[in-house]
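Engineer: Put chain U on the given structure of chain W with help from the hints.
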Amino acid sequence: MKDWRYWLAEQRGTLLALGIFIVMFIIYTSNHPAGFTANVVQTAANKGVLLAFVAMAQTLVVITAGIDLSVGMIFLLTNCLASWLVVGTPMQTTLGVIAVLAVGLLCGAINGAIVIYGRLQPIVATIATGAVFYGIGLLLRPFPGGSVNEDLADAMTGRVFDVVPASLVALFAIVLVIWVPFSRSVLGRAAYAAGSSETAAYMSGVPIRRGKFAAYTLAGLLAAIGGLFLTFFTYTGDAAYASGNAYTLFSIAAVVLGGVSLFGGKGSAIGAIFGALAFRTIGDLLFVFDFDPLWQPLFQGVILLIAVSLGAFALFRVRNRLEWFL
Amino acid sequence: MDSAVPLFQMEGISKRYGGVRALEKAELVVTSGSIHAILGENGAGKSTLIKVMAGVVAPDEGRMTMDGREVTFLSPAAANQAGIVCIFQELSLVPDLSVADNIVISDPPKRFGMIDRKAQRRIAEEALARAGAADIHPLALVKDLPLSRRQMVEIAKALARKPRILILDEATSALTAADVSKIFSVLKRLRSEGLALLYISHRMNEIAELADQCTVFRNGRNVASYKAGSKSDNEVVELMIGREYSHIFPPKPAAVPAAAAPRLEARKLSWTDRLHNISLTVRAGEVVGLGGLDGQGQRELLLAFFGVLRGLSGEVLIDGKPVAIRSPSAAREDGIGMALIPEDRKTEGLMLPMTVRENLSFAALDRLSKGGIIDRAAEQRLIDDMVGLLAIKTAGLDIPVGALSGGNQQKVVIAKWLMRQPRIILLNDPTRGIDVGTKQELYQLMRKLADAGAAILFYSTDYDELIGCCDRVLVLYDGAVKRELVGAEITERALIASALNIHGEESPVGLGASA
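Line order of the protein sequences matches chains W and U. Numbering follows this note's numbering, with no gaps: position 81 of the first sequence is 81. Numbering follows this note's numbering, with no gaps: position 231 of the second sequence is 231.
The following block holds chain U by itself, in its conformation from the complex:
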């Protein structure tokens, strides 16, 4: 396997998105007949690396070779042609087509110019069998299948394209344990058939079982490559961190006494298969963080509080009284006073073509109007206060909010909700994609609001932020609270270890999950 020419090689690959460096001179060597694990925390550049390989994203610089010859992929189809097939984290299945239709979608078998349904059926059945999912009916519609079955179809679809390099990006995150073990035997068989497999997962135990070779990414670079099993979990975590603190955080006040009555409380909150028995409390004056890997139910939890999800089980209490919040407009009512700063400000937070003024007053219009007529003077006073408080930099209140910088847009979203003086503030990864200066202002603001008596629940994918801003952090894994870190316990090591669901030297503090 250590033959002179590797199957696939990346050299000096860089990719920037605006000012953000996603990949910086990344290197990777892939050999056939092996399973290569890629590790790294959120935003380390793994996804971009895969997208470059699969022809979805063109690199700014660097070169790729396959069998020693230089290659460039202008589209996913070109990469497929070369034998690189990727199973993406976001599924690439068409929901209204059948399983068989989806499996052959890139290159359906044809007869007299029309799709040969018999041949298609045969190919689909073979591919499903090869993926160990022969129980899935080829005629079933993809949208009727549960997520775990869809993932199996995705794998079968990839196999039907006869890949030389198969990339699995978090391919097991939606799978049940039984499916995972099936997939593992399939992957091992493919390895023995001479395929190269790139395996991206946050589950350390899976990597230990599968991988031959591991490469760790950090800040867009490959920082270490080693033989699987030659490093301990803790060493791997060290490799993944190794980052300097770049943010300035406001000082944390003395902890709010645990005896203080909670402002917001959840008891055994569950929703479909995404949230499991979540119990938590947030007191007035506290900033409580939600940690864990991306997509472990943090968003759903915030949406659940905000009245967006239907069919919740469990209880939500405000000031000790059970409440049923059925919509965002109910969540912002006076008795509850909740605000949600959404993750995607462009679709869920702002109406981009409308003016700064209009966007600012939306959430507070009922307070600013009498008999349905908006009190312009009161609106102006409140807006002036907010623009001053948050130092929103705008050329005027009557320009479209879409013309502001990302950081200032986010300030508008926050100001919009502050105009209602919320008592409970939910933040969904609010600093994503904004500049460092604005980030710092937001950290200060968050602390100021907490000091003024708000209860804050703060989800962030940035561990530094959780460490710097939060009084307590709840780490979610697979829709359940796996660990609660308080005060000095909130360290990067503890956050990453519990996010990966491996237990470091500190003993875990069970909360909610076991209930």
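With the rest of the complex left out, here is chain W:
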């Protein structure tokens, strides 16, 4: 086989997610009263980018065969924090942004330390830490409020050269700065190897623990970037419990839609980004068709079921039934 075929096979999940997104987006814009305009794209991008950041965070952890149920709460906590800190002079604003990102890193590092060194199961550990993160967010913002440096916020949510949504540019930059180096580093490979077969990785002398720790920590950072953007869009901090939970669950949906295997070891954050964008577009489809919004959760659920079923076909090929339970 030629090299490009292997590349294609490796990127199949990502390309599938891209395909789903493009189809959905075409249906969406062609039925939108305003059509395919910079405005429509900008609005869609701003909504989609939030979930995209949280889904990227989830991807890093899922690759290690873990799951992070606290990403939505880190997202909320950093939103509340940003509504206090990302204000004032450019200098103060910069320091505020750094502080918010540092808190995200810290949250992720705590998750990683508990799961890796405390040997707790990721699902339980992150439910607990998620509750703690939410609790801190609630103390910071018992009621929605606060503000943000509006110049920065408008720049990040506006358009570059009057066409390209700035939030998409930021997303692209984050992929280049965080995802690409991680996926090509030894630690990134260790995270993949640990997720695919921890024993084989151990036997090969792979730095499993450091790889997993890096994945959890960077997940916290990415969720914080999402929280920062939430603040840019809303100009406020709001510890909205339901919203945090929804982001956590949607991030898992986006990850699966993006071809990342929940069993670990397989998939890419780029796929998860397209998964997130596709998931958002599906949610918005009903509005352009003038359906009752009450139908949205049901409709979104059905589409999601169909999409994830595509990934389950491999089970039909299993010859030893005991492998179903592995």
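The set of hints was computed from the structure by calculation and includes no laboratory data. For each residue, glycine too, the CB sits at the ideal point set by N, CA and C.
Just a sample of chain U residues kept apart from chain W, beta carbon distances all over 12 Å, derived:
id, residue
1, Thr355
2, Glu484
3, Gly487
What follows is a set of in silico ranges between Cβ atoms, one per label pair, in the way DEER data are often shown:
id, chain 1, residue 1, chain 2, residue 2, range
4, W, Leu15, U, Glu193, 43 to 49 Å
5, U, Glu126, W, Val23, 42 to 48 Å
6, U, Glu126, W, Thr234, 52 to 58 Å
7, W, Leu294, U, Gly396, 52 to 58 Å
8, U, Met351, W, Phe143, 44 to 50 Å
Structural biologist: Same frame as chain W, but now just chain U:
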């Protein structure tokens, strides 16, 4: 090569697992530029020896020297660093990564802090070429490769680490004949380059072709070291046996007449590349053994009967009628009445945190309940019977089964199935890791069940057990029945010879395999 200081030496190495002695004052001398074969039957201590060398297991006592200096390996990475690289029986490849990723996994080439994919590709291609497997594409995912190709990747991966001592533990067991000959020329070339190779294999013909030096292990000790070719196959088998009978077995009754109708029958059973045209019969009242080296398809055969495998070809007959068993719950239905005592009681046999009572009644719940409600009194009566029959020692029925000793856990697994009064009992190495006393009770029980009319198919890795318990033994090799031993033919010599697929003085009785 007989220079004063050997490349690597082990002295007085011992290792215990709980009460089991895996290695007892073992010695080994490895010289560079030679291929050293390690022989021994299942459980002789070969695997533990290798694990100690490769830094996977720390020895309880003894010392190792390399180039005359004492060494200790705290991890596989430390052993690698010293130049000892092992190709394990269980593959150490990460399935979702590419071939090239796997080959460089221990120490990827880096550029600006990131993995240098071009250099990685180059290293992988070189290593694959050196292993004689240049046809494997470096970008292919390991999980998409068949087992034999994966084994070649494993070898390439080992070579990429520039070893001084290369250990191959059953490295050819998954390979096709063409691959084996390729590997052999690679190994011979490596020997001429000055590497020391440790070669563990059950295939006597391979050892004859490759090895310069042989060491035989038995019961955790090295019992003989000799120059390859200086002993006959039979002498080697003698060295590997040399063990006293330590078990007491119940007397065997007169053979069940061959004319009796079989309870369980297989005709030309095949499954993927693991089972080939297996035909066998088990009659009521018979204990039929499955012998052979570990991993020759015995487990798969039992799983096939029990409805776990999909895509079987061939026929299974119960009482002469063809049946299609599609799941374990179908296998235990009344018309079939099959029970499987699994090999790994901790994962496949018991739910460790649940109570003894719950574990005992799982398989029989449908019989003990009416309209979905469990009849507690009937459950209690049956459980009391079973605890009495098997003499299960437990502080109570409501403690977690995980708190019992290994032997008593195994009794619970067996009792669970006996509560359904099975007509066909499949046992998958049931005495592994349990004490001698309980073993004897199990042997008695097995015979008692057979006398009561059950048909028993019994896989064991312990040759003594096969000799002591079975009316007939089928020896499997490479997924096919190579030989059937009946009554007095079941001797340790015959078992080992046919397990190694060498023909002793007795002429083999072909069965199924040639069909």
